[in-house]
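Engineer: Going down the list, the sequences are from chains A and B.
The numbering of the first sequence is my numbering, which starts it at 1 and goes up by one.
The numbering of the second sequence is my numbering, which starts it at 260 and goes up by one.
Source of the hints: derived by calculation from the structure; they are not laboratory data.
Where is the CB? At the ideal position from N, CA and C, for every residue including glycine.
Treat the hints with care, as some may be off.
[To be verified] DEER-style ranges, computed between Cβ atoms:
| no. | chain 1 | residue 1 | chain 2 | residue 2 | range |
| --- | --- | --- | --- | --- | --- |
| 1 | A | 159 | B | 261 | 14 to 24 Å |
| 2 | B | 612 | A | 198 | 45 to 55 Å |
| 3 | B | 584 | A | 198 | 51 to 61 Å |
| 4 | A | 198 | B | 576 | 44 to 54 Å |
| 5 | B | 272 | A | 135 | 21 to 31 Å |
[As the list claims (entries may be wrong)] From the derived model, a few chain B residues whose C-beta atoms are all more than 10 Å from chain A:
| no. | residue |
| --- | --- |
| 6 | 260 |
| 7 | 297 |
| 8 | 301 |
| 9 | 346 |
| 10 | 360 |
| 11 | 458 |
| 12 | 508 |
| 13 | 522 |
| 14 | 540 |
| 15 | 573 |
| 16 | 617 |
[Said to hold, decoys possible] Counterexamples of contact, computed for chain B against chain A with all Cβ distances above 12 Å:
| no. | residue |
| --- | --- |
| 17 | 311 |
| 18 | 323 |
| 19 | 440 |
| 20 | 462 |
| 21 | 473 |
| 22 | 595 |
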Amino acid sequence: MAAETKIDGPAWVVTVLTAPPNIAVRCRGVTKDFGSGGTKVMALRGVDLDVRLGEMTLLVGPSGCGKTTLLSVIAGIMEPTEGEVEVLGADLASMPNGDVVRFRGRNIGFVFQQFNLLPALDATENVAVPLLIAGMRRRKALAKAAEVLELVGLSDRAYALPSELSGGQQQRVAIARALVHQPALIVCDEPTSALDAVNGRHIMELLHDSAVQPDRAVIVVTHDSRVYQFGHRIASMEDGHIISVDDASHHQPAAAAAH
Amino acid sequence: MAWIAWRMLIGNRGKYLGIVLGISFAALLIAQQAGIFWGLMNMTAAQIRDVRGADLWVMDPNVQFVDDIKPLSDNDMMRVRGVPGVEWAVPFYKGLARARMEDGNFQQVILLGLDDATLVGAPQEMLSGSLSDLDLPDALIMDDAGYKQLWPKEPFQPGKAFEMNDRRGVLVGICKASKTFQTFPIVYTKFTRATQYAPSERKVLSFVLAKAQPGQSLDELCATIKQQTGLSALTRQQFIRKTIMYYFTRTGIPMNFGITVLLGFIVGTAIAGQTFYLFTVENLRQFGALKAMGTSNPRIVGMVMLQAAQVGLIGYGLGVGGAAAFGVFARFNSKLAFLMPWWILAITGAAVLLIVLLTSLLSVRRVLTVEPAIVFKG
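One chain only, chain B, in its complex shape (with noise of 0.2 Å):
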């Protein structure tokens, strides 16, 4: 009977390229939209990312997502070293600093400070230069995303120079960073370099990061870590989770993905019910015919089932598919966000199995009530 249920479904061509084509548009905007969002959440802790090496972020209690600093004291990054269980701790700075390029023009640009002895926090990949070149006077590293927006079309050569707060940088590499939610280029230096091209303040310590001894536990050093210096010490994972749920619950953009979402499912779930329920209505003497020919209600229930399950495992084929195509495009387009993990095709499917499941529902109902009788009028 799964046979004949197949068979009736493909046999209508243009009905069963309608449901078909129901639940992949629907499943692509579902599973693309969500990648999308989940890649700009991503983007959002991409910084977190990056630093490796370190442990623990420790920083002011009040902060509440990476790109919210509020400067420590260099006592604060002191009395991080005195904890007990803390291997070491460094300065690191992030900011955001004003560009002046040759031209005249200003550029935005993340800045960030890597602690001068150990460059705790560098980049993780080099495509030009390297990270010792750091050591050369007023000396900066840039990412190549970066590099390509200000120098389109223009091969790196050391030695590009701009300014920031009136001091001469210079560029010695080009690193891999991941994209950043802001967008603005990646500048990397030291420290001490970093406060420079930074305006004046008292304080210019963004964040402490800290490596915990051998066997030290990282939930007990951050407890610890607070208890002692009374700054917020987070691992990594705890950061990233921060400031992802900063945007998640302070912003609009999940609003504003779930209104996308909901309507693919809503035009979803419209389309492919809509041309289910008529191709259920058009088979309704069929599947007289076969209710007296001897198919029990449950066989026939499981038929129209059978035929939900069937378009819904194709179009989500599709639509996922078509999304993971998009995922493709977007990795050779710097500019694009999309992060498709395994509960974002788990979503896209739950989702899917319910429209197949409303779908199928009124075309259930309608096979159920037909009598078998209907097959003797004329």
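For reference, chain A alone in the conformation it holds in the complex (with noise of 0.2 Å):
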């Protein structure tokens, strides 16, 4: 069922699977464990998940139930113990290291829970990253990162540094920074914990606004029930399965307040 394939853009062979031309992300039978012997943790207990293009899919459930270990594999950031797990059309297991870490940084973007911005860079260079990481010329880099800042409404506070953004801000900058070289995937890791009720919104929103886009799709790790209204589908995991995936709208407030 595996072709090997050249893919345009990249320049590695990667192993293409067969998943609709729809579906961003595949993980069938995904397992992770860390330590071993009587220290074994299985945080991944054989996951198996569709993300779609054009989405918002939210991953949720309690505290240790494994959702950022899977947003880890699927990122590339982490292998799984087992299973299969293709994104954007390519197994990153089958990928040499070095390929899959440039892979990352052509088709993923992130959005941390801590921001995770330079601290010595002003907002348009930390935007730039992405774009000097994949070795644009600065000056162009830092060109496209201030349309880019524009776009999530901080083109007044370009060259401020982080430390003199409030939070929200950051988290936008951050944002910026994940859409600024355009790719198919972002993943975002409680994008709104370290922010405050009306921050965490606004921070939604603009990802449901900005970075939702038919040819790509958006994976949130959350445990916030009160953004579960911006997902287009929301994934349930306990224990390390997913236990449930439904359309946004089938979560009332009230449901989701139960996790």
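Quick one: dock chain against chain with the hints and give me the complex.
Structural biologist: Dropping the structure here:
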């Protein structure tokens, strides 16, 4: 069922699986263990999940259920112990590590809980980082970054250092950084948990309006039920399993609060 | 990425200055102490360097350095003159004399006796008076530093007199001479007069200065002199090297300076290494984020090495700059010895490179082992 195919753009050969074209991420039987023997912890216990292009998928569940581990596996920064993970048509497990790193750089945008902006760089420079990693010349990268910063409504704070920005503003810079190189997949780890309710809502609106595109999938790990309304689908996790995948419209606030 | 590495580095001012300070301190101490050491070593051979005109120094075979005087006989000089390939050979007296000043105090001086007829070995630059004034009775010429040591703040006036070995000497000129290791005033006079100022001995000829005939190989001539006279003959450079090596191998000077240099190296490495490591640890999340966003390990290592190289280069510049400034100060203070040839800069550079490598090694290891997944931890 697997075929060796050369993908346009990135110069690497990947094993392409057979997911339908509208599926950005397909996980089948994914497990992830940490430690061994008596200290072995099974963070993922056979996860099956499809993430569609053009949608925002929320990964929800209680702390320690494996959300972040699954996100790390999908983003190619952690290898699964077993199972298949197909991301944007590529089987990351079959790629050499260097190619995985390049794949990540070109195809995945990251939004972190703690923003992880470089404190020495101003907002524009932080946004330009993925372009610089990709090898774009600095002047061009900064110009492009300024455009995206305007998109997230921060053009007036373009030269502010992270320490001079509020938490909400920092997260907006982080979103701009995730968008700037136009990746096909954006992964967000608890993007609102370091923010108050109002800022959290603004961030989710921004992600919903700016990040979700027909040719892009967005995965958001969250345990904040107030933001469920922004997702298209909600995958609920418990104890290393996906226990349900529902349309977000099925999640009423009261039900969501149970999470 | 080089730009990001640079911005990360200078963005943390405190750490950045700490690392640069550590490396600067090490570079300064290494270059400055090595410079003083080499200045001192060169001072030991200053009088060989100051003697111009002669190609060879002929001496007793047991002489170990320029101040190790084992007198020759007049006969020895005649035998050197008779060696084929020698154009001329003249006597040269070198010794310590005790000068009795006008106020009754005694002062040790370095007494140099130049060939009466040719004045071979005479100072190269006269600051007051002229070499021909040595023809005057009891005439002496003293070096400028020595004069200032004996008569501070007193402008030179010809006619200042003092006694050596109960014989009167009169200063007729002031010359420039290289700083000596012993720091005694240097007194020049004619050979025959010098032997009268020196304590009475059967043999008073310290060295024979010889000139090779045009086209004559100096090494061959040295070998011939040794073969025919049994004396040791060295070129100027050979004698300088022999003198320096004596002090280098037979005194504790290199050890003392070496310890200081080593201390500078260790302290510099400790300060720079610790601060750089802390800087890296503080930035681990940033490095993790860069990794997650697609920066490969080799590029991350490159960033760390570049940061280390940058602080190394700046620290090196500041350190050797400081040492050079000390050197400029030393030029205006005749008591300070300081020389900074290219190889001291090279050694300091190598030491800084080693500090930078040691410093970055731990940091590189740390950033290599950091998992990009660290960025997903709140």
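Engineer: Please verify that the nearest CB of chain A lies beyond 12 Å from residue 440 of chain B's CB.
Structural biologist: holds, 52 Å
Engineer: Are all C-beta atoms of chain A more than 12 Å from that of residue 473 of chain B?
Structural biologist: Given that every Cβ of chain A is farther than 12 Å from that of residue 473 of chain B, nearest at about 65 Å, it holds.
Engineer: Honestly, do residue 272 of chain B and residue 135 of chain A meet the 21 to 31 Å range at C-beta?
Structural biologist: holds, 29 Å
Engineer: Going by Cβ atoms, does residue 573 of chain B stay more than 10 Å from chain A at every point?
Structural biologist: holds, 17 Å
Engineer: Against the range 44 to 54 Å, how does the distance between the Cβ atoms of residue 198 of chain A and residue 576 of chain B compare: consistent or not?
Structural biologist: holds, 51 Å
Engineer: Just checking, residue 462 of chain B versus chain A, shortest CB gap more than 12 Å?
Structural biologist: Residue 462 of chain B clear of chain A: closest Cβ-Cβ about 76 Å, beyond 12 Å.
Engineer: Between the beta carbons of residue 584 of chain B and residue 198 of chain A, is the distance compatible with 51 to 61 Å?
Structural biologist: holds, 59 Å
Engineer: The output says residue 617 of chain B does not contact chain A. Does that hold with a beta carbon cutoff of 10 Å?
Structural biologist: About 25 Å separates residue 617 of chain B from the closest Cβ of chain A, which puts it past 10 Å; holds.
Engineer: Taking C-beta pairs only, is residue 260 of chain B more than 10 Å away from all of chain A?
Structural biologist: violated, 6 Å
Engineer: Beyond 10 Å from every Cβ of chain A: is that where the Cβ of residue 458 of chain B lies?
Structural biologist: Holds, because the least Cβ-Cβ distance between residue 458 of chain B and chain A comes to about 74 Å, which exceeds 10 Å.
Engineer: Per the stated criterion, does the least C-beta distance between residue 360 of chain B and chain A lie above 10 Å, as a non-interface residue requires?
Structural biologist: holds, 67 Å
Engineer: Decide, holds or violated, for the assertion that all CB atoms of chain A are farther than 10 Å from the CB of residue 540 of chain B.
Structural biologist: Fine: 14 Å to the nearest Cβ keeps residue 540 of chain B off the interface.
Hint 6 from the list above is the single one not met by this structure.
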